Amino acid sequence: MAEKELYRNGPYADFFCQGVRRGDMLFIAGQVGVDAQGHIPDALSEQLTIAYQNISAVLEKFNASMDDIVDETMFVTDMADCMANVGPVFAAREAAYGKKPEVAQTLIGTTALVDPAMKIEIKVIAKLA
Amino acid sequence: MAEKELYRNGPYADFFCQGVRRGDMLFIAGQVGVDAQGHIPDALSEQLTIAYQNISAVLEKFNASMDDIVDETMFVTDMADCMANVGPVFAAREAAYGKKPEVAQTLIGTTALVDPAMKIEIKVIAKLA
Amino acid sequence: MAEKELYRNGPYADFFCQGVRRGDMLFIAGQVGVDAQGHIPDALSEQLTIAYQNISAVLEKFNASMDDIVDETMFVTDMADCMANVGPVFAAREAAYGKKPEVAQTLIGTTALVDPAMKIEIKVIAKLA
Chain H
2 MAEKELYRNG PYADFFCQGV RRGDMLFIAG QVGVDAQGHI PDALSEQLTI
52 AYQNISAVLE KFNASMDDIV DETMFVTDMA DCMANVGPVF AAREAAYGKK
102 PEVAQTLIGT TALVDPAMKI EIKVIAKLA
Chain U
2 MAEKELYRNG PYADFFCQGV RRGDMLFIAG QVGVDAQGHI PDALSEQLTI
52 AYQNISAVLE KFNASMDDIV DETMFVTDMA DCMANVGPVF AAREAAYGKK
102 PEVAQTLIGT TALVDPAMKI EIKVIAKLA
Chain Y
2 MAEKELYRNG PYADFFCQGV RRGDMLFIAG QVGVDAQGHI PDALSEQLTI
52 AYQNISAVLE KFNASMDDIV DETMFVTDMA DCMANVGPVF AAREAAYGKK
102 PEVAQTLIGT TALVDPAMKI EIKVIAKLA
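Residue numbers (the numbering used here), protein chains in the order written: chain H, 2 to 130; chain U, 2 to 130; chain Y, 2 to 130.
Okay, chain H solo, but in the shape it has when bound (with noise of 0.2 Å):
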């Protein structure tokens, strides 16, 4: 059985991986728009930035990349928001992937995110092979 590979880091560490591998499989846990010094900015762009930012450093612990991803679920607080600034919103997230993103997507409206200055999760898993 292939092991599990383990990628701990931040103020959870104790409670979950940021990342998760076994085999050709990789779960990342859902990331939001805090930067290292800890800030949220305030505009939902900014924070997708900052959360595909945390993503992308998560794949290369795993010597993975954003071509890897093959799904993606958005959690956002606040839709309206969300569709209203859908242009700056897709490009920020065009700007991350590099690329038009290659990945299934489920874009879907939530109550709350763990810290209430957080408009946005995002969720993805890779398939490494």
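Bear in mind the hints are in silico, worked out from the structure with no lab data behind them.
Computed from a predicted model, the values in this text were never measured in an experiment.
Treat the hints with care, as some may be off.
Note that the list lumps identical chains together, so a pair holds whenever it fits in one copy or between two copies.
[Unchecked claim] Pairs of lysine-lysine residues, derived as DSS-like cross-links and limited to a Cα-Cα distance of at most 25 Å, are as follows: (1) 101 to 62; (2) 101 to 5; (3) 100 to 5.
Use these hints to put chains U and Y onto chain H, whose structure you have.
What follows is chains U and Y alone, placed relative to chain H:
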């Protein structure tokens, strides 16, 4: 490494894929109750039927079928309405599968989907081998 | 092609499977804090404990264990309550895993689960090889 096979379609084709296959895993974007003419019926059970038709259409592009679905997450905007109509809702779902669904399921309330007229979004994962 | 192995149980056995395995992937239906007698305790941490017992029971049907879980999504109806009780909640979770959980995690607020008394639903994916 297995190449990713992508299926792009619809008004959001620049933003995400309706389906992404790598190896034996097929991830399908959350599907909603919008028919090919852009119409969204009012009843939850009718939206559900169309969402499954859209899922089935994506599966066909990968030479797969509803039988290959292993996991399903349903997001509904009005859980009380969903449970009040659970009979017709689950009958429509069984009709979509053509039998008792052979899938794991998770049913979750959401604040909003991308269009206020949408009442349900269905996200499935298929395993092809 | 690997056959799907299905585990059906409980009042919704006609509607979905508690677990579906195909090959090395095991998808488990979202589990809630309802015990075998249909009782739902009030406290979030108690519901969480029962939900994990239910998850563990499904894993056992597939000769798997909590160690095989790679991904976990928690949906909670009251994020503020969850975070206000994050100590006992995560202690109960660590007890369920028997160690620091070796899983990716995503924690999301939901408007509603299928029964108004439910405060948490936990959806996990296991990778068996």
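Tested hints:
1. 101 to 62: both (24 Å within a copy, 20 Å between copies)
2. 101 to 5: between (31 Å within a copy, 14 Å between copies)
3. 100 to 5: For residue 100 and residue 5, the Cα distance is within 25 Å only across copies (15 Å; inside one copy 31 Å).
Of the numbered hints listed earlier, not one is contradicted by the structure.
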